[in-house]
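Sequences are here, hints too, so could you generate the full structure?
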Amino acid sequence: MDLFSDPLMQRALLVALLVGLTAPVVGTYLVQRRMALLGDGIGHVALAGVAAGWLAGSAANLAQRDALALPGAVLFAIAAAVTIERLREKGTSPADVAMAILFYGGIALGVLLIGIAGGTSSNLLGYLFGSISTVTWPDVWLSVGLSCLILAIGLGLRHSLFAVTHDQDFAVSSGLPVRVLNLTVAVLAAVTITVAMRVVGVLLVSGLMILPVAIAQQVSRSFVRTMAFSMGIGTALCVTGLTITYYHDLQPGALIIVLGVVVFAVTSGVRGLLTRRTNRTSLEAIHG
Amino acid sequence: MASPTPAVRVTDLHVALGGHPIVHGVSFDVASGEVLTLMGGNGSGKTTAVRAILGIIPILSGRIEINGVLAADAPRERLGYVPQRVSAAGGVSASALEVVTSGLLHDRRLIPPRGGRARAMEALDSVGLADLALQDVSTLSGGQQQRVLIARAMARKPDLLILDEPLAGVDLPSQDVFAKVLTDIKEQGATVIIVLHEVGPLAKLIDRAVVLERGHIVHMGKPPHAHGEHALPGHVHVHPHDDDPTRATGGTSALGLTV
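Here the protein sequences line up with chains E and L, keeping their order.
First residue of the first sequence: 1, per the working numbering; consecutive thereafter.
First residue of the second sequence: 1001, per the working numbering; consecutive thereafter.
Any given hint might turn out to be false.
Unchecked claim - Computed beta-carbon distance windows for the label pairs: (1) Leu-3(E) to Arg-1117(L): 41 to 47 Å; (2) Val-180(E) to Gly-1169(L): 32 to 38 Å; (3) Arg-1117(L) to Arg-179(E): 25 to 31 Å.
Said to hold, decoys possible - Some residues of chain L that are not near chain E, with every Cβ distance over 10 Å (derived): (4) Gly-1128; (5) Ala-1130; (6) Asp-1159; (7) Asp-1176.
In short, the hints are calculated from the structure, not lab data.
Model, not experiment: these values are computed from the prediction.
We treat Cβ as the ideally placed atom computed from N, Cα and C, and that holds for glycine.
In structure tokens, the structure reads:
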């Protein structure tokens, strides 16, 4: 089959599969903490990291000037995640203000640095909206390594990360290392964003973390099931979206997110209908 | 003869929230196996004092010891805490079993111990919610949610249990369950600190009351029988390990009360 024999699609499908699995794991913790937009703030700073990596690649006269873009994005995203977490913890700035500063500061710095590196802001477009067709094998292996790290920590520490994100006061009273666990969630979000960046781009990356969780929430009654369902949904969305774009000339990142929105709309509509019917049946039973 | 180490010792505690002083030089001991209630009206500082004891909010000055160890360094393996409600309700569904299982984590224990599920189920059973273990807690009634939080604290088999207004807005069946749990834990010799507006149905279980008013202790001794019945002359009990009663009552004399 052409789809699987094409090396470009092999790389793209592998990365899409990894992103579909990992993004909802972190997304579940972010939704639990009511910080669904954290990914957006970090993503914008990751863009500055891409540009910084580009600048470093140019300065080092590398054959591929964007060879250091992904490592640069990882470093900047982690720094942003730690900064946001510290600001939130200290309460010196409201969370939305801190996020806004990172949003705009990140984009502005990215555009400035790419200019200094001799490029133009169009070089950043692939990172803004995703460019899965440009994924190289080194990118794939880096993504595999980072994804394994996200899954090992995100799933292995699910009990304590749940405890902290569900009821932080109780976690503090229990003597759990709350600060370290909160930082872990933030850093996991940063790493996830840099992995997902190539698939959907920094502007849509939050959607890939949050939409599968929002869909899973329609049918799940527990935290672990929500996480498991959302991993399945995320994978299905990424692979389906990418497969469709193989046959039709559509932008993969945008299609994946639109597919997610459609699935969410359908599931929440069906759930609403079922709830109304259940309520009506209950009322009829009460009033005879 | 040296007195035994109290389960909790609070010495000259000062706490501020948002720059506003809330607790002013409060001192009291809770003996091992004692059931002590912290009482007072809204804004009296009782919840703030309890949250400071638990390390949830920082203290301005003073000293808090749990079993003779500075509270910040004290192990939490056998310390149970029941907040008024889940203080940071999450955005994702969570089953009662998951919430109770999180009570088995403490200090450096980041994953539940072997047999954790059985212990969590046992705790849920003790509050009459075993059949709702897999139910999303947000779909339970207020009283049932409170029982889940009690089960979370009980899963740890605490020898020190701290409860913040556990009866506030709770239905009668849940109040009955709670009274039974408290009776059982008292019989097992655990120490209990319980924040209450009024002692109500729990009166016979309570050994001693500390009544706060605007961050000062105004009564320490036998529990007042009715809301508002504070400083009963002759019942005001000074710090049991302090020879200086004016220091021990943390401002009682300033309010013109008999010590």
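Right, here's what the structure says about each hint:
1. Leu-3(E) to Arg-1117(L): 41 to 47 Å: This hint holds: roughly 43 Å between Cβ atoms.
2. Val-180(E) to Gly-1169(L): 32 to 38 Å: At 35 Å between Cβs, range holds.
3. Arg-1117(L) to Arg-179(E): 25 to 31 Å: holds (28 Å)
4. Gly-1128: holds (20 Å)
5. Ala-1130: It holds; Ala-1130(L) is separated from chain E by about 16 Å at its closest Cβ, greater than 10 Å.
6. Asp-1159: Consistent with the label, Asp-1159(L) stays out of reach of chain E, its closest Cβ about 15 Å off (over 10 Å).
7. Asp-1176: holds (24 Å)
No hint from the list above goes unmet by this structure.
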